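Visitor: Next come the chains, spelled out residue by residue.
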Amino acid sequence: DAKTTQPPSMDCAEGRAANLPCNHSTISGNEYVYWYRQIHSQGPQYIIHGLKNNETNEMASLIITEDRKSSTLILPHATLRDTAVYYCIVSSSNTGKLIFGQGTTLQVKP
Amino acid sequence: GAVVSQHPSWVICKSGTSVKIECRSLDFQATTMFWYRQFPKQSLMLMATSNEGSKATYEQGVEKDKFLINHASLTLSTLTVTSAHPEDSSFYICSAWTSPKNIQYFGAGTRLSVL
Chain G
3 DAKTTQPPSM
13 DCAEGRAANL
23 PCNHSTISGN
33 EYVYWYRQIH
43 SQGPQYIIHG
53 LKNNETNEMA
63 SLIITEDRKS
73 STLILPHATL
83 RDTAVYYCIV
93 SSSNTGKLIF
103 GQGTTLQVKP
Chain W
78 GAVVSQHPSW
88 VICKSGTSVK
98 IECRSLDFQA
108 TTMFWYRQFP
118 KQSLMLMATS
128 NEGSKATYEQ
138 GVEKDKFLIN
148 HASLTLSTLT
158 VTSAHPEDSS
168 FYICSAWTSP
178 KNIQYFGAGT
188 RLSVL
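Chain order of the listed sequences is G and W.
With the first sequence counted from 1, adding 2 to any position gets you my numbering.
With the second sequence counted from 1, adding 77 to any position gets you my numbering.
Excised from the complex, chain G in its bound form:
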């Protein structure tokens, strides 16, 4: 599975949009981009995933570049409860296997 690169930490003001970047320059054609988050001492929570097209759900939007080498997770109106470690993972749908990197620690500040 392709590796991802994320900034180790980011801050965001409450009520503003949080834009979390992810690089995955070695992604293969059959690999999806997944985003999960983990709030302290809990299991990871699924946020969103996509293959080529941009995706939006009730939690977030996922913007994937045309060459698929990078993506951005957007939380449109960050709240204090969005403070968590956010993981960007690329994975083939054939195995379902997720290999977690170090993620980005997002701190939402009042």
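These are computed hints drawn from the structure, not numbers from a lab.
Predicted, not measured: the structure shown is a model, and the values here were computed from it.
Backbone N, C-alpha and C define an ideal beta-carbon position, used for all residues, glycine too.
Derived pair list, reagent style SDA-like, types lysine to any residue, alpha-carbon separation capped at 20 Å:
| id | chain 1 | residue 1 | chain 2 | residue 2 |
| --- | --- | --- | --- | --- |
| 1 | G | Lys99 | W | Glu136 |
| 2 | W | Lys132 | G | Thr97 |
| 3 | W | Lys118 | G | Pro9 |
| 4 | W | Lys178 | G | Tyr34 |
| 5 | G | Lys5 | G | Thr67 |
| 6 | G | Lys99 | W | Phe105 |
| 7 | W | Lys118 | G | Thr107 |
Rough simulated footprint, nothing fancy, chain G against chain W, three-plus residues with beta-carbon under 8 Å:
| id | region |
| --- | --- |
| 8 | 120-129 |
| 9 | 180-191 |
Derived, one-sided and incomplete: chain W residues facing chain G with beta-carbon distance under 10 Å:
| id | residue |
| --- | --- |
| 10 | Ala79 |
| 11 | Phe168 |
| 12 | Cys171 |
| 13 | Ser176 |
Please build the complex by placing chain W on the supplied structure of chain G, with the hints as guidance.
Guide: The following block gives chain W in isolation, referenced to the frame of chain G:
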């Protein structure tokens, strides 16, 4: 999203005893379940992949005789930590994969403390 239940959420045991952790997909069938381990301030580390009705596939460096995995039904997988020692103390997390949606849903985790 789909619900994955993990039990117990917290367990303390004496060194040398065995501990069983259960993982259930409550509202969907999961042909594949995964087990992870997470040490403090570290990321999740995949331990093994469990397919219903077959032997689990362990990641490199994970002792299969120490971490016994059973996946007897489409909704239940168990992880047994045999002869637990203090170094096995960790946060163990399971997940269940639903192939139509290509999404892995996670349990809340089990914190194991071995004295």
